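Let's have the full structure, built from the sequences with the hints guiding it.
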Amino acid sequence: MLRYRDKLMIILLVAGCFGIVLWRLSTVGSKMNALLPERHYRFMFDTQLQGHGEDVTVRMTLPIETAGQVIRDETLKSSNFLFSIENASSYRYGMWVGRQVSGQQNLGYACTVRTSQVRYELAESLTLPESYPAEVQAYLLPTETIQADSEEIATLFEVIVPANQRGNVTAVIQKAYDYCHRSIKSVTITGTTDALTCLRLGEASCGGKSRLFAALLRHAGIPARLVGGLILKDGVWTSTHLWVDAWVAGHWVPFCVLNDYFAEKPMRYLVLYYGELPLLTHSRDVNFRYTFTAESVLAAPEDTAGLSGLLNLWGLFEQVHLPIEILKVILLFPIGALVVTFSRNILGVLTFGVFAPALLAVAFHGTGLMWGVILFLAILAIGTLVRLFLERFQLLQTPRLGIMLTVTSLTMLGISILSVAKGLTLSSRVSLFPLVIISMTIERFSVMTEEDGLAAAIKVCIMTVLVACFSYGVMTSDVLGAIILAFPESILLVLALFFIIGRWPGLRLLEYVRFREFISEHQK
Amino acid sequence: MIRRFVNGIRSLNNVVLGINARNLACVYPLNPRRYFPRADSKLLCKQLLTERRIPHPSTLAVYNQYRDLQYLQTDIEKLDGFVIKPERGYGGRGILVVKRNSERILQTGGKPVDIELLRTHIYRILTGCFSLEKVSDSGFIEQLIVADDTFADISFGGLPDIRIILYRQVPVMAMARVPTAESEGLANLHQGALGLGIDLKTGITTGAVYKNRLVSHTPDTNKPLAGIQIPFWKEIHEMAVRSSQIFGLGYLGVDIVIDRWQGPMMIEVNARPGLNIQLANASGLIPRIPWEAN
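Chains as they are written, first to last, in my numbering: chain A, 1 to 524; chain B, 1 to 294.
Hints are supplied without guarantee of correctness; some may be wrong.
To be verified - Cross-link-like lysine to aspartate or glutamate pairs, in silico, EDC-like; alpha carbons within 20 Å at most:
| # | chain 1 | residue 1 | chain 2 | residue 2 |
| --- | --- | --- | --- | --- |
| 1 | B | Lys211 | A | Asp452 |
| 2 | A | Lys175 | A | Asp260 |
| 3 | B | Lys111 | B | Asp80 |
| 4 | A | Lys175 | A | Glu264 |
| 5 | A | Lys175 | A | Glu124 |
| 6 | B | Lys211 | A | Glu517 |
| 7 | B | Lys211 | A | Glu451 |
| 8 | B | Lys111 | B | Glu184 |
| 9 | B | Lys99 | B | Glu77 |
Stated by the list, open to error - Covered, in the sense of this in silico footprint (three residues per stretch, anywhere, with C-beta under 8 Å from a C-beta of chain B), are these stretches of chain A:
| # | stretch |
| --- | --- |
| 10 | 389-397 |
| 11 | 499-509 |
Hints are computed from structural coordinates only; laboratory data are not their basis.
None of the values given here were measured: they were computed from a predicted structure.
Note that the Cβ used here is the ideal one computed from N, Cα and C, for glycine as well.
Structure, rendered in structure tokens:
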């Protein structure tokens, strides 16, 4: 049913989309990164402790800024504790001090970090330099845990590195790395394992392996330092990590002998401190518990490649102070609407309200899919019961909807409070759950139950949730998110699809089901 | 096997009119939005029918506001039977049929009702409980139509009606909608009423659909559904064509009932008629519509 004007419109939209993309690409040239959003992490450190009237101190190494690591938007949860930061070149201690602490206390720290992948190619032969800068020399000395002067380390060094290669930095590092990575078994050990213990046991976790590696390098005359940090991931964890930086040709080059990163630091490694430091200390007997949490977030690219005006979309977005996650939702909402349109006009699925599923999908964005669906169904069930009760009063529509909205809000509040009491971290996320949409859905659900029966209403309800889940899947897709943020003009393609569906005259999938007897009729 | 299935799908697409095609090819090009109220509002529709002298049930009283309800008692005093309807109702919802028994006691569905209940019902109509957009509405009282005996064998209570779909004033398909016990007296296919396909030339039923399935006999009493002659077919046919000329709607469904004493009467007009009529006739609308009329 596409007429001339429809085709023209569709061609204009598609051509417009690709035209803008090509124009922007040609202007940016090879600096594609200026168009693509970056992945940052929102990092959180949370502790819980129980005071019994004594003074309590908690000390935690906070992320530091390095060449490839930027810290932003630091926030703090300190309750009635005094917070201070102790700054040094190789660490940053955050210190919470509380006087006569009693009862349960929650302390925390959060920040947004931009980490980056670091990778070096080592030249095949590098001679040991005559001398090192003063600040690096300290990392040649043996320490209590990195016994670089020990006989056993010297023997091991002679065994694994052939005599003719001992002057070649790259060869020494490679041999030492191979030994620590392959010959020392990886096991999970809590507590500190020094280099010698690691060597004697033949097994260690990241700490022991890194210390043995550092000891071998220092013995060979290559400065090496421990790096303490965390491996960021989406979720909650408690484990910490250690790896090694070696001073090669004027650079600190990272090595992780546990997870096999040679001259490389993956993006998700977060640097907290250099050297031998406790990552976290606290007063005893306070039933201390802690977690690290991170979630990846999208952010505007650092380097805009000199783009300006309309071409610098990121600059424009930044000017309107839109958080990039919100921006992503706004830009992906048309695609969610497209999913709903497809479900209705091509599949023929019935849902409550036209775009209610897409709006629900946005709400699920705040709560997570599982909690979103559970919350929605719970509130719908409670709301329907209240609606049934209200039926006795035969109220006018608007006041009745007002009551429903009140009930929905209170139910939401109640569930939030309950979830906090049960120790679930739901409370902060339900605030955006759209009350009005749910109230309207309850209304439609009730009317439909009355008019077409409960079975029909439940069927439509399930369809609504399914379409919402599908919209959610599309709207949270990383690939689509990156594409739409880098090329917002792809919305024009979505519009073209709306035009195509808008003029699509074919039978809907469910109409085939409804008229299926025709198929058998015609084939007789 | 797969090819047969694909062919089946393709031929279905060329025969059956779906909602997308109905809207794109029939409703949008032929039914200007501004004429929709003529079909959606029952009182406006009746006004147009009166002007053209097309028979329809007469309106006995209209209630626009709550205070109009004080006249209800006097309005119904002399009536032996009447129907309460919402102005902008749909799918037969909100319609209440009231009769007096031999002792002049008001009854609905065989059970006695008092005037308070009727007042409450009209009150609910006024609040918009039964209207299309669920906004406030008017209610009115209409003459009681008494069904003739055409479908007496197969119907259960309620009032059967005849739906004819017209494309540019040409009738293209017809069906009779007959209430069953399951549809609780409503002539609505969604609620389990029978839909009987009608041969347009003769006015004789050809078969039926019941709950989206083709059937040849009534589900429980096993009476044949094909071969029933609709009385006054010529008049009904003509009435449909004449009424289609006054609404300015190029694609519409008209609903006609047959009163025992007054014969065929137009009760309603629909600007977006449903598509189940194709099931009742076991044939699609696409080959029937005279597209070249464009």
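Hints versus structure:
no.	hint	result
1	B:Lys211 with A:Asp452	13 Å, holds
2	A:Lys175 with A:Asp260	14 Å, holds
3	B:Lys111 with B:Asp80	15 Å, holds
4	A:Lys175 with A:Glu264	16 Å, holds
5	A:Lys175 with A:Glu124	13 Å, holds
6	B:Lys211 with A:Glu517	12 Å, holds
7	B:Lys211 with A:Glu451	16 Å, holds
8	B:Lys111 with B:Glu184	14 Å, holds
9	B:Lys99 with B:Glu77	12 Å, holds
10	389-397	holds (count 3)
11	499-509	holds (count 6)
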